[in-house]
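So the sequence lines, in the order shown, correspond to chains F and P.
Quick note on numbering: my numbering labels position 37 of the first sequence as 37, and the sequence is numbered without any gaps.
Quick note on numbering: my numbering labels position 25 of the second sequence as 25, and the sequence is numbered without any gaps.
To be clear, the hints were calculated from the coordinates, so they are not data collected in a lab.
Please note that a few of the clues may not be correct.
Any copy will do: because identical chains look the same in the list, a pair fits if it lies in one copy or spans two.
Stated by the list, open to error - List of simulated lysine-lysine pairs, DSSO-like, C-alpha gap at most 27 Å:
#: 1; residue 1: K3; residue 2: K41
#: 2; residue 1: K60; residue 2: K20
#: 3; residue 1: K20; residue 2: K3
#: 4; residue 1: K41; residue 2: K11
#: 5; residue 1: K60; residue 2: K41
This structure is a prediction, so every number in the text was calculated from the model and none was measured.
2 protein chains.
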Amino acid sequence: MIKARVTVTLKNGVLDPQGKAIEGALGGLGFSGIGSVRQGKVFDVTLETADRMEAEANLKSMAERLLANQVIEDFSVEIL
Amino acid sequence: MIKARVTVTLKNGVLDPQGKAIEGALGGLGFSGIGSVRQGKVFDVTLETADRMEAEANLKSMAERLLANQVIEDFSVEIL
Numbered sequence: 001m002i003k004a005r006v007t008v009t010l011k012n013g014v015l016d017p018q019g020k021a022i023e024g025a026l027g028g029l030g031f032s033g034i035g036s037v038r039q040g041k042v043f044d045v046t047l048e049t050a051d052r053m054e055a056e057a058n059l060k061s062m063a064e065r066l067l068a069n070q071v072i073e074d075f076s077v078e079i080l
Numbered sequence: 001m002i003k004a005r006v007t008v009t010l011k012n013g014v015l016d017p018q019g020k021a022i023e024g025a026l027g028g029l030g031f032s033g034i035g036s037v038r039q040g041k042v043f044d045v046t047l048e049t050a051d052r053m054e055a056e057a058n059l060k061s062m063a064e065r066l067l068a069n070q071v072i073e074d075f076s077v078e079i080l
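The following block holds chain F by itself, in its conformation from the complex (with noise of 0.2 Å):
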């Protein structure tokens, strides 16, 4: 069984309102020098196999399919 996390984020350039709220949050906190905020996703996937070059190359058929969209957003694939 192979554990694994697929990170997906924005790419540079793409607008954040959600990041920039959050930001605008944590200053509202008492936070302050804070540069920037992006928000992104983590899929935690629990593969039933043992091959990690099999598992590497489903994970990342699996994000450019569905997970990401590659238009706006990266993706990078962590074997655990």
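Got chain F; can you put chain P on it based on the hints?
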């Protein structure tokens, strides 16, 4: 300037309908052997400080106070 990533994930045992839906969708796309999918959030934060210790303490405090709901979520802070 310090770049950091705060990762927020659901605690074990907390239902994740969004993860379940993704699991189903991946099955529908023909992916097999998927044990489970759990969705979480990442926050990429840039801080205007050079003090790693201070940054880490600040980020932990941000996660506790705003980014994570500690009743149902765990978080981890990673300085990049």
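To see whether the hints hold, each was checked on the structure:
| no. | hint | verdict |
| --- | --- | --- |
| 1 | K3 - K41 | both (17 Å within a copy, 17 Å between copies) |
| 2 | K60 - K20 | between (29 Å within a copy, 19 Å between copies) |
| 3 | K20 - K3 | between (32 Å within a copy, 16 Å between copies) |
| 4 | K41 - K11 | both (13 Å within a copy, 16 Å between copies) |
| 5 | K60 - K41 | both (15 Å within a copy, 19 Å between copies) |
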